[in-house]
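Asker: One-letter residues, chain by chain:
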Amino acid sequence: MSERASVPADEEGDEQTETSDQAPVTTGAQSVVRALENAGAEYIFGVQGGAIMPVYDALYDSDINHVTMAHEQGASHAADAYGIVTGDPGVCFATSGPGATNLVTGIADANMDSDPMIALTGQVPTEFVGNDAFQETDTVGITQPVTKESYFAADSDTVGDNVSEAFALADAGRQGPTLVDLPKDVTQGETDIEPAAPKTPDTYDVQEEADDAAVQEAAEALAAADRPVILSGGGVIKADASSALREFAIEYEIPVITTMPGIGSFPEDHELSLEWAGMHGTGYANMAISNTDCLLAIGTRFDDRLTGGVDSFAPDAEVIHVDIDPAEISKNIFAEYPLIGDARKVLRQLFDAMPRVPDVDEWREQCQTWKSEYPMTYETPDDEPLKPQYVVETFSDLTPDDTIVCTGVGQHQMWASQFWEYTEPRTWVSSHGLGTMGYGVPAAIGAKLAAPDQEVVCFDGDGSFLMTVQGLSVAVREQLDITYVVLNNEAVGMVRQWQDGFYEGRRMASEYPWIPQFDKLAEAFGARGFRLEAQEDVEETIQAAREYDGPSVIDAHIDPGENVFPMVPSGGDNGQFALEEDHLEML
Amino acid sequence: MPGPAPPERMRPKGRRNSQGIRVDPEAEVTHEPRQAVLSALVKHKPGVLSEVSALFSRRQFNIESLTVGPTVDSDTARMTILIEEPEPGIDQAKKQLRKLVPVIEVTELDPTAVRRELALIKVGGEKPDDVNAVAEMYDGQAVDASTDSVTVEITGSKQKIDAAVEAFKQFDVQEVVRTGAAALERGPTTLNKHD
Ligand SMILES: Cc1ncc(C[n+]2csc(CCOP(=O)(O)OP(=O)(O)O)c2C)c(N)n1
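From first to last, the protein sequence lines stand for chains A and B.
For the first sequence, UniProt numbering gives the first residue as 1, with consecutive numbering after it.
For the second sequence, UniProt numbering gives the first residue as 1, with consecutive numbering after it.
Wrong hints could be hidden among the right ones.
SDA-like cross-link-like pairs, simulated, lysine to any residue; straight-line CA separation at most 20 angstroms [what the hints assert, rightly or not]:
1. B:K158 <-> B:A182
2. B:K99 <-> A:P145
3. B:K45 <-> A:E127
4. B:K99 <-> A:I340
5. A:K345 <-> A:D559
6. B:K99 <-> A:A108
Think of the hints as simulated: they come from the structure by calculation, not from any bench.
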């Protein structure tokens, strides 16, 4: 299991009895650790270093598990995934300077996807701050635009309070990352002040319930609609509102589309599900969203990968927008009916306010017709080359419903979202808003530690995998039972697809013919490696990897010519998706 | 077997403008920018100004001026921010500002709010009497004089200061510094949350 320090187990036991949990704090660093304990932190993902060392020293006496990562970017992604799977803030540590800057990608990623996370960074001693000291960076300045709030801890007496507040803030309202920068003298400094209980700052107000009159108006508009659709975003999962959504949609018989981050918020095997909409969403979801006259959008920020060009997004629809963050209302898409509040609570309010079941049999039938007109299919010649969609689909069929899927970013991410059948919230762990290649390897580590009893699979691209492959060493050390599947097309495939489609096939810097043998690389790290080339071996290889008790890597050599469809070109009209290359020419 | 190709599919009739608002498909509709005066109470602590100004730059709000200074309460400062944006942008700027943790309260002031700006204008010192005469026309006064230069202080609306700067050009303007607007609502209304 995760290490505290390289202390033999029995000694470790002795130590625990010596330092009772409630021993008074004597330093700023102990106060930081106490604040994390009070907040219920279970794991910390991090990398050691000079400026953070006092905090690590304090961690030596704590029951919190520390997982040493191979790179700080991995620490922030692992913490992010932990936050997605558990709903509680994931914690990551880094030292000052390069440690802190390495965390930034994961912090920015969490910020775009509203994932709860807290980052603690070491900083040079206060007297050196601003002097370009060794390993100094302006971490607060660098991270401020990508956090809910970045704190500079100025005092040993209050540093614990800073951490408590940052933890509470990461989890409150619209979740997101927070950061506390910890100068070494502040963590080393003496203090006997216990940190305050986690509490959000007094300037941070969250409105949990929407205005009743506004809910009533919205409910009437929805009940009166001819072609209503529910659009369920990541916020539904964040608010633990998936079951409220299911009840609502089933009771009022309204088709449900999710956004990509909303995958898992509504079961894809339910007949009301149209799966997800957007650039690579299903044809039927995109037809429905284009033609709806009333869109109940919950916990979504109308990202451009979802909307395409705003002028053509659901242009017939009155929009009811439910969000906990008032700033999301009418930011990208104007909402006729803004409902500010927690998704779960507002869904309950709406449930009670609906005057009747909308009369929309014809519309539902139309949606079913689209399902049969634009099915999610791919060509499966019996022989090679291997189709990536087949690998994903087969894996999905073999695993339990609560299996967690992590991904990198690229074509493989799209296939993993399209051809896996998601039925449960918090089982889809991917980088949406930032689109971070390299997310998958460390995210799977965070996800597995967050849910040790659930199966975890990571679909990765060869490009993405290489960006954080060093994380395999962590998975091996922690003996994490994760199956990595590299959908290997010897290219940064998504880029190549765009070059072929929109740059006359000029494949500048997108082909990777120098890719290593990932099965052998896996073995070098101490994981199990499998090489997969033929369709007939897919099931057997997957089963062998699943059965191996520890991390395994399937290097799946897929058809390099395979592209992702359906596709709405960037800024395009969702109803005008291309199902095949030929369609792109029509658009 | 696949359904209709793109041009043959069921098509919606509507359209939105670039701000995501549903519009008459036949008409070309955009919101014209207007000026708004935002007033914000913020925690008086290091880094607040950079947090607010960074928000405006990264969200690409068109900012005209931003002033900040302490209030009677030593823990809070007050900012006056002039922006020029279409209506949805103004709304968005307010909401984004409110989201910042150190921001206590944000309001848009009425167009009739008391609005003042201060300028110091340094001009050549050859004709001090003429400079004084022009300064008086704008209720200003000389605050520093030497053989080579005179510095005049003027307070007032942006328009008044624009006009004064223009008028001083006859004396060889050497330097101008302007504070940007500070503003308060007329009448008894205040921004204090707990009032
Ligand atoms: C860190 C980072 N760098 C660059 C990109 C741009 N990018 C988006 S998708 C993609 C290709 C990903 O390639 P790979 O991981 O091999 O997956 P594939 O598309 O081949 O499945 C690239 C380069 C990115 N998203 N993230």
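Asker: It remains to establish, for every hint, whether it holds in the given structure.
Answerer: Structure-based check of each hint:
Taken as a hint, the B:K158 and B:A182 pair is honoured in the structure, with Cα atoms around 11 angstroms apart against an allowance of 20 angstroms. For the hint linking B:K99 to A:P145, the alpha-carbon distance of about 12 angstroms falls within 20 angstroms, and the restraint holds. Between B:K45 and A:E127, the direct Cα distance comes to roughly 19 angstroms. Compliance with the 20 angstroms bound is thereby established for this hinted pair. Distance restraint check for B:K99 and A:I340: the Cα-Cα separation of roughly 14 angstroms lies within the 20 angstroms cut-off, and the hinted pair is therefore satisfied.
For the suggested pair A:K345 and A:D559, the alpha carbons sit about 47 angstroms apart, so the restraint of at most 20 angstroms is broken. For the given pair, B:K99 sits about 17 angstroms from A:A108 by alpha-carbon distance, which is consistent with the 20 angstroms threshold.
Of the numbered hints listed earlier, the single one contradicted by the structure is hint 5.
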